[in-house]
Amino acid sequence: MQKKYKLMIKDEHERPVKLKVAFVDSRGLLFTYPMWLRNQNLREFDYKNLNSYVALLKRLESKNLLPAIFYIPTRRLCEEVVEFVSTRLNKIISEEDLKPYLNGKICLSDEETRFIEKGFVQHHAGRSPQWRRLIEDLMRDGKLRAVCATTTLSAGIDFPARTVFISTSQRPSENGWVRLSTNEVKQISGRAGRRGKDNVGFVLITDESMLQDIYSPSDYITSSFEPSYMLILNSLKTYSPEELKRLIGNSFFYYTNRKRIEKVKQEIDFLSNRYEKKGKAVRKQIHRLKQELYTLNYVDELLTKRIAILKDIDFIKPLEDRFILTQNGELASNIKRDTNFLQLAIALISGVFDKDAPILAALLFGRLAQGRLVTKSRGRYGKALLEVFDYCRYYESRYGLKDEQFSYSAFMERVGEYIVNHYKKVDFATISSIAERFNIEEGDLYKLIVDVRDLLYTLSDVNAPCSYIARDLIEIFKWEE
1 MQKKYKLMIK
11 DEHERPVKLK
21 VAFVDSRGLL
31 FTYPMWLRNQ
41 NLREFDYKNL
51 NSYVALLKRL
61 ESKNLLPAIF
71 YIPTRRLCEE
81 VVEFVSTRLN
91 KIISEEDLKP
101 YLNGKICLSD
111 EETRFIEKGF
121 VQHHAGRSPQ
131 WRRLIEDLMR
141 DGKLRAVCAT
151 TTLSAGIDFP
161 ARTVFISTSQ
171 RPSENGWVRL
181 STNEVKQISG
191 RAGRRGKDNV
201 GFVLITDESM
211 LQDIYSPSDY
221 ITSSFEPSYM
231 LILNSLKTYS
241 PEELKRLIGN
251 SFFYYTNRKR
261 IEKVKQEIDF
271 LSNRYEKKGK
281 AVRKQIHRLK
291 QELYTLNYVD
301 ELLTKRIAIL
311 KDIDFIKPLE
321 DRFILTQNGE
331 LASNIKRDTN
341 FLQLAIALIS
351 GVFDKDAPIL
361 AALLFGRLAQ
371 GRLVTKSRGR
381 YGKALLEVFD
391 YCRYYESRYG
401 LKDEQFSYSA
411 FMERVGEYIV
421 NHYKKVDFAT
431 ISSIAERFNI
441 EEGDLYKLIV
451 DVRDLLYTLS
461 DVNAPCSYIA
471 RDLIEIFKWE
481 E
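Note that my numbering has the sequence shown beginning at 1, numbered continuously upward.
It cannot be assumed that every hint is accurate.
As the list claims (entries may be wrong) - DSBU-like cross-link-like pairs, simulated, lysine-lysine; straight-line CA separation at most 35 Å:
| hint | residue 1 | residue 2 |
| --- | --- | --- |
| 1 | LYS317 | LYS383 |
| 2 | LYS447 | LYS48 |
| 3 | LYS237 | LYS402 |
| 4 | LYS424 | LYS478 |
Said to hold, decoys possible - Computed beta-carbon distance windows for the label pairs:
| hint | residue 1 | residue 2 | range |
| --- | --- | --- | --- |
| 5 | GLU243 | LEU108 | 53 to 61 Å |
| 6 | SER228 | GLN370 | 13 to 21 Å |
| 7 | LYS336 | LEU211 | 41 to 49 Å |
| 8 | GLU95 | THR430 | 20 to 28 Å |
| 9 | LYS197 | ASP354 | 56 to 64 Å |
| 10 | ASP321 | LYS105 | 55 to 63 Å |
To be clear, the hints were calculated from the coordinates, so they are not data collected in a lab.
For clarity, every value in this text was computed on a predicted model and none was experimentally measured.
Even for Gly, the Cβ is constructed at its ideal location relative to N, Cα and C.
Using the sequences and the hints given, assemble the complete structure.
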């Protein structure tokens, strides 16, 4: 007889390990909040000053506050801090201690071995997955003094520490430097204190504003759901537009925003009926509320606009009270990928991907490259993808949808073509070799190869000439991890 289990929800409002916050100055001195306010000789911590990290680490070691995680805003500074500080430390891990963690599979450079032996290492997206897993294992077993990580990787850190140090309240973004959000500060400080090992976890900060973030309520979480082209196209096989709207009306987005929509409507009506002509300040408030209402109702409007676009590009056609898929729509519906779905479908139908293996790899590497790998040049093959992008943007702009920028990397286009021309199989060793040859960070190259491989799996499942080439390329980029 099958056992019945009772579901119990435990709602905890207290941390399992208490949290203590202190301020750090450039000499590595620690101050609690009242002392920090009263101290006239406080020297502001400069996160770019490498000597400050040496002083802080030595202070933490003397106070028995290790292991620690140092959150540093950029990868480059992470590397510089580790390189500088490690030369001023003695070894705490022997080669014999390290061997069980390597399992004869992980090859470390002399520099990487030195960092680990000194117990002061880096952990960020530019490092290979093998390296990051090794560091996580060592940290969990208490073998390291400290780990330097970027603030953008805070959610990906899979280990706690006794102490967490946040070097600055700023972080880089696509739009320049921005302040860490309350949720980001909470996410980072949440790593302080090891359950079952520490009675207290310590968070060290350099900016008074972070103190409020640590103790204030978390930012309200809202759903980022939106009806994608892939969802709409496949749903229209079964549902009419009205049925699809009702289905989406049951989503988490509407669940969290339905009450807010009604409240905003009431506020707009109240202000409009009584105070419309009472002055500029009130009209400005009404305008703000209308903007919020538009955002809350955006999903409905987006669904209507995207259905219209799919009709305009001949992916669907009307039949009584619903739509049916055209031949192109049926082909596109086999693409099981939300990201850039429309561009991918148009490129597939127009034959952009019907190339030989090196060119297809070059196209995918060029288009999927992100961040620092993106270049202004379209390379040898990027023009065809740009034409597809412009075609999709034309239809989306007609309906007032967001106007994104085309990104491509002529540099990574060459890397993709080089890999296919020179390797029958890619593994961690060859990734390291390729990264060194082209001066790319291993973690960035690994992530791009995984993204390309995922897209190749998508292309291999559609009924198109490029699917055969995609299957051959998958064999190059598929390896045992």
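These are the hints, each one checked on the structure:
1. LYS317 - LYS383: holds (30 Å)
2. LYS447 - LYS48: Judged against 35 Å, a Cα distance of about 28 Å means the pair holds.
3. LYS237 - LYS402: With Cα atoms ~27 Å apart, LYS237 and LYS402 stay inside 35 Å; holds.
4. LYS424 - LYS478: holds (11 Å)
5. GLU243 - LEU108: 53 to 61 Å: holds (58 Å)
6. SER228 - GLN370: 13 to 21 Å: Since SER228 and GLN370 have Cβ atoms about 19 Å apart, the given range 13 to 21 Å holds.
7. LYS336 - LEU211: 41 to 49 Å: holds (46 Å)
8. GLU95 - THR430: 20 to 28 Å: holds (26 Å)
9. LYS197 - ASP354: 56 to 64 Å: For ASP354 against LYS197, whose Cβ atoms are near 58 Å apart, the range 56 to 64 Å holds.
10. ASP321 - LYS105: 55 to 63 Å: Hint holds: Cβ distance 60 Å, inside 55 to 63 Å.
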